[in-house]
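Q: Assemble the whole structure, with the sequences as input and the hints as a guide.
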Amino acid sequence: MALLLKGGRVVDEAAGIDAVLDIVVKDGLIVGVGEDLTIERGETVECAEKVILPGLADIHVHLRDPGQEYKETIASGTRAAAHGGFTAVACMANTDPVCDSGSNVRFVVERAAATGVVRVYPIGAVTAGQAGEQLAEIGDMIAEGAVAFSDDGRGIQSAGMVRVAMDYIKRFGAPYVAHCEDASLAAGGVVNEGVVSTRMGLPGQPAEAEETMVARDIALAALTGCRLHLAHLSTAGSIDLVRAAKARGVDVTCEVTPHHLFLDEDALTTYDTNLKMNPPLRTPEDREALVAGLLDGTIDAIATDHAPHAPHEKELEFELAPPGTTGLETALSLVNTHLVAAGVLGWPAVSLLMCHGPRAALGLPEMRLEAGYPADITIVDPEARVEVTPEWFVSKSRNSAFVGASLLGKASDVLVGGVWALRKGKVVG
Amino acid sequence: MLTSRHIMTMDDLSPEEIALILDTAESFSEVNQRRIKKLPTLRGRTVVNLFFEPSTRTRTSFEIAAKRLSADGINFSASASATAKGETLRDTAKTLAAMSCDLVVVRHKYAGAPQMLAEAMDCSIVNGGDGVHEHPTQALLDLYTMRQALGRLEGLRVGIVGDVCHSRVAGSLVPALRKVGAVPIIVGPPTLMPARPDILGAEVAYDLDEVLPTLDVAYLLRVQFERAARMPFPSNREYATLYGMNLARLEKLPAHAIVMHPGPMNRGVEISADVADSARSVILGQVESGVAVRMAVMYLLLGGADSGAAA
Chain A
1 MALLLKGGRV VDEAAGIDAV LDIVVKDGLI VGVGEDLTIE RGETVECAEK
51 VILPGLADIH VHLRDPGQEY KETIASGTRA AAHGGFTAVA CMANTDPVCD
101 SGSNVRFVVE RAAATGVVRV YPIGAVTAGQ AGEQLAEIGD MIAEGAVAFS
151 DDGRGIQSAG MVRVAMDYIK RFGAPYVAHC EDASLAAGGV VNEGVVSTRM
201 GLPGQPAEAE ETMVARDIAL AALTGCRLHL AHLSTAGSID LVRAAKARGV
251 DVTCEVTPHH LFLDEDALTT YDTNLKMNPP LRTPEDREAL VAGLLDGTID
301 AIATDHAPHA PHEKELEFEL APPGTTGLET ALSLVNTHLV AAGVLGWPAV
351 SLLMCHGPRA ALGLPEMRLE AGYPADITIV DPEARVEVTP EWFVSKSRNS
401 AFVGASLLGK ASDVLVGGVW ALRKGKVVG
Chain B
1 MLTSRHIMTM DDLSPEEIAL ILDTAESFSE VNQRRIKKLP TLRGRTVVNL
51 FFEPSTRTRT SFEIAAKRLS ADGINFSASA SATAKGETLR DTAKTLAAMS
101 CDLVVVRHKY AGAPQMLAEA MDCSIVNGGD GVHEHPTQAL LDLYTMRQAL
151 GRLEGLRVGI VGDVCHSRVA GSLVPALRKV GAVPIIVGPP TLMPARPDIL
201 GAEVAYDLDE VLPTLDVAYL LRVQFERAAR MPFPSNREYA TLYGMNLARL
251 EKLPAHAIVM HPGPMNRGVE ISADVADSAR SVILGQVESG VAVRMAVMYL
301 LLGGADSGAA A
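If you're matching them up, the sequences are chains A and B in order.
Quick note: the first sequence uses this note's numbering, first residue 1, plus one each step.
Quick note: the second sequence uses this note's numbering, first residue 1, plus one each step.
Treat the hints with caution; some may be incorrect.
[As the list claims (entries may be wrong)] Below, a sample of chain B positions facing chain A; criterion: calculated Cβ distance under 7 Å:
(1) G86
(2) R90
(3) A111
(4) G131
(5) P190
(6) M193
Note that these hints are calculated values from the structure, not bench results.
The C-beta atom is built at its ideal place from N, Cα and C for all residues, glycine as well.
A: Written out as structure tokens, the structure reads:
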């Protein structure tokens, strides 16, 4: 049975396409992209007024499975991903137990195959138990399907430990994914150090807690030759460091989150714990620097740092609540609302920042809207209105920093390997 | 009356409302000199002291204030309460709300606790100190004490000395002084300064001796050793040498200037015993003012003249 996506605006910067075209899908693959295509038998989907993108990938999510299934599971998290227009996610290792062994990676891979509706790529821990002291079994994890290594959730404090990790990981060709936070400088800060920390009486962490580690990890990547991917950068200074490192030829990529792009510390007028993030929301000037980094190619990927938490965990005093916001379901709508519809950047750039850039950063299989590639396709209705209410989420958790927002544009349909994961806005399966 | 139902930060009060509270407190302070120190004003109203941090002076001050206005005062302290069993602040608030209290005074280790209570409860909230954020009734009683001792507030130069970044007292006193037209100057080592003192609207100084001759009030803050992540100065001795108020420094103050401290004092660190006990010190006057000011706050929040007998 074939599938014909008829008359959508097909946008894929890597394939050099931005035109109204038809796409034919057969046996899980794209078999044709062109004008006036027809199929003998099968389903035709009218895509007029839709934007068709190569399958979006979110390379920074917390699926919480195993161990914290009350927040999210691989089943619920991949459904949230499909709802948000993603065909693939890479999940962080800070589960319980920590994903620091081959068998733990295998659990994620097998559970994803059995219950997931989008592709799941596990990220293994760098150090055993993410304790920052001894290498985890990187080789075993690679053999079971880990695509990258990270102690995300906390920074590895010892430069010597990072050097050993980078040296070791290098031979497997996988990237070291850095959570840049100097704990002695962050000092337990729960908001950005500055105006808001002073006004609200909350402990702050300075931008330099991130930037000193960005500088260190770039230096170590240059020393070791290991590929470095910097997670959730949040400050102007970090973007400057990456821009300079790329100019010198260091093998470094980086991501920013929608919440750091579209919110800043000025949003903190109450003690709303859905606005507690790590790294914290920064200043409006930092936010502008992140957008500039998107435009000049310094930033490779938009990744959500999807961090689901249960209500009883978030309904605490600001200093006690865990950091993080969910992100999978709002990212694309936010990008359209604040960047595409606002005229800051176009859909070709979105195909780079949400598909090709993130995939290249972690070395995931490339997806293109070209014959021969797997049919991982995201179809966007750019005119759809989204009212973000707690009930709207498919994720198990509703701790979104964007609850109450009115957004423009939404993934309407998602194909993963030619199979519907989202159809007419509803998650399939 | 007050426009806000709550006093959680100094932002809840206008300059006129601050003046009203101080004037009302003045009439109550007369009551506190009587042999029978009791008014029927808040009879039948319930005031809960919800203290999640150990406190003697603030809790006692609110408790006495409630009793002198004939309110039913209940003390709820965290160590003896459900919180030890892991109940959340929100649930504690809802539980208390179900018992229909009229006013809750809250003291909590973390900033924003009063705001959480206000969201979960349908009564007035008075912030009795939240984390390192604010402690508005302390600032009000400090204004009251300054006005009594110096006859005015406008134009006063008040040096707030020491551990500013860990001080909820400074968190409220700086904006309070700004509202009444006084000039706050925060003085201390940079390691004890907030990240952005400029947004508080205070002048900043690092050298106490330079500032002393310009002050009307030297307000010493308690060094909060328990809140600092790492020791922010080399030794108590060096701190006392650079920032401690002693007799030699007292000499550098103008003759009319007064010395204040919110208590409890670290004698020998931020203030020497002879200064604390000197005639220039109004530290016990602050404690005395506290009762009258808290009576005024309760009276004005709970309906004032509408609630029955006037002061």
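Q: For every hint, state whether the structure bears it out.
A: Tested hints:
no., hint, result
1, G86, "11 Å, violated"
2, R90, "5 Å, holds"
3, A111, "4 Å, holds"
4, G131, "5 Å, holds"
5, P190, "14 Å, violated"
6, M193, "10 Å, violated"
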